[in-house]
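Please build the complete structure, drawing on both the sequences and the hints.
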Amino acid sequence: MRVQVQEHAFDPGSELGGFHAGRTDAGALVSFSGIVRSDDQAPIALLEIEHYPGMTEKAIRGIATEAVERWQLMDCLVIHRFGRLKPGDHIMMVATLAKHRAEAFEAAEFLMDYLKSRAPFWKREHSASGKLWVASRDKDEATMERWVRQEAGEADCG
Amino acid sequence: MRVQVQEHAFDPGSELGGFHAGRTDAGALVSFSGIVRSDDQAPIALLEIEHYPGMTEKAIRGIATEAVERWQLMDCLVIHRFGRLKPGDHIMMVATLAKHRAEAFEAAEFLMDYLKSRAPFWKREHSASGKLWVASRDKDEATMERWVRQEAGEADCG
Amino acid sequence: MKQVNVKYFAWVRERIGKSSERVETNAETVRQLVVELGEREPRYELAFSDLASLRVAVNHVLADFDSRLENGAEIAFFPPMTGG
Amino acid sequence: MKQVNVKYFAWVRERIGKSSERVETNAETVRQLVVELGEREPRYELAFSDLASLRVAVNHVLADFDSRLENGAEIAFFPPMTGG
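Protein chains in written order, with this note's numbering: chain R, 1 to 158; chain X, 1001 to 1158; chain E, 2001 to 2084; chain W, 3001 to 3084.
FYI, nobody ran anything at the bench for these hints, they're computed from the structure. Computed from a prediction, not measured in an experiment: that's the story for all the values here. One or more hints might be untrue.
[Said to hold, decoys possible] From the derived model, a few chain X residues whose C-beta atoms are all more than 12 angstroms from chain R: (1) M1001; (2) R1002; (3) V1003; (4) E1048; (5) E1050; (6) G1054; (7) E1057; (8) K1058; (9) T1065; (10) V1068; (11) R1124; (12) A1128; (13) S1129; (14) A1135; (15) S1136; (16) V1148.
[What the hints assert, rightly or not] The following label-pair restraints were derived from C-beta to C-beta distances: (17) X/H1100 x R/W133: 13 to 21 angstroms; (18) X/E1066 x R/A128: 34 to 42 angstroms; (19) X/G1022 x R/Q6: 17 to 25 angstroms; (20) X/E1048 x R/S14: 26 to 34 angstroms.
[Said to hold, decoys possible] Each computed PhoX-like pair below joins lysine-lysine, with the alpha-carbon atoms no more than 25 angstroms apart: (21) X/K1086 x X/K1131; (22) W/K3007 x R/K131; (23) X/K1131 x E/K2007; (24) W/K3018 x R/K58; (25) R/K99 x X/K1086.
Where is the CB? At the ideal position from N, CA and C, for every residue including glycine.
This is the structure in structure tokens:
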């Protein structure tokens, strides 16, 4: 398991290269990476990401451990940048290695949902019209809820 | 859109590197890769993959086009090997580039489900006890059905 | 009389002992072609004994056993696919 | 009298005008601390005017506004997170 909270840029392809490294017990590798997007209608000059240094890595490490246990992952990688990013830059990535594809996909989506609404990062867009904190979307919080419900459901069924 | 059906090995990390290439209109990149797995209980020496040369690439191209339209993907990559592979080798990969993560994840899972049960590939495991054609799993065919149902549901709602 | 190009893959290929052949037939549908081939030799009958465990493609597209057989078509028989 | 370390992030930090401070308080819960700070200066009152749009972490763990306040704790206030 590897968790990196960093200011400098990274390349998801290179990170993925070292991730799997010749194991023969895993059958499925999923990766997600988030990219700074700039709409033609409202172009942004840069994206600033603030985080909570004492808490961020600890929080991500906790959720990554939960994902590893819940989906029996063979490995798990989370990288998240902070500081100033430009359009086209990779903001973050997660990668999950599992025996089968369903587990790898679910764990990656779980990690993403967590990072969206529970990890202490805040985005601010800089554009011609000024600086604007990105508002959280209720949808992201709701999406996170499904994992709690699912776990509760499993418990009900023994 | 890029579709490759090939005998030689590939590296998912390198393939992913060229995939996104500095675009600023996409926000989410998902990749999946399948790896030849060898259980300690029943180790395999190699995995042989047969395919239908006239049909394979055409079929995958068709489904990739469907995925691009359905989830409005900005790009889509499918690589699938045939021939003789060893444990730890990458069998195939898909990558999807979309505006938001939900679309990128769904399209990648759709492509995977398709490749599992609708693309003309057949696997045979070579082990100490001989050669054995891998049986299809009813679950894979059932998983594919969900995409049809979902589409039908959407149509019902206008 | 029609001529079709027939292909076999995976264990269907192994049971029949060849990967492709040109077949002259009066069959109207894929299903009738299967019956005709089965009547030729036991190895065909064996390969086609359980249609539920077989899939068919007509001109490179997955199809139904009740698909019409057109002159010059490429018909492929194989087990359920196991890619990915 | 307790001493807690209070941190502010994103627009909460901007409205209050500092990123952290040491606070002496008799508050028993996070909610009581919020009320106490709000009574000090208008900029705190403004920053804390809508608790539904605020989140709180106690010792680096997301917490409830009714969490008990312990001496020496690190309390952080911030808007809903927007990572990923």
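Check: So which hints don't hold here, by number, going up?
Finding: none
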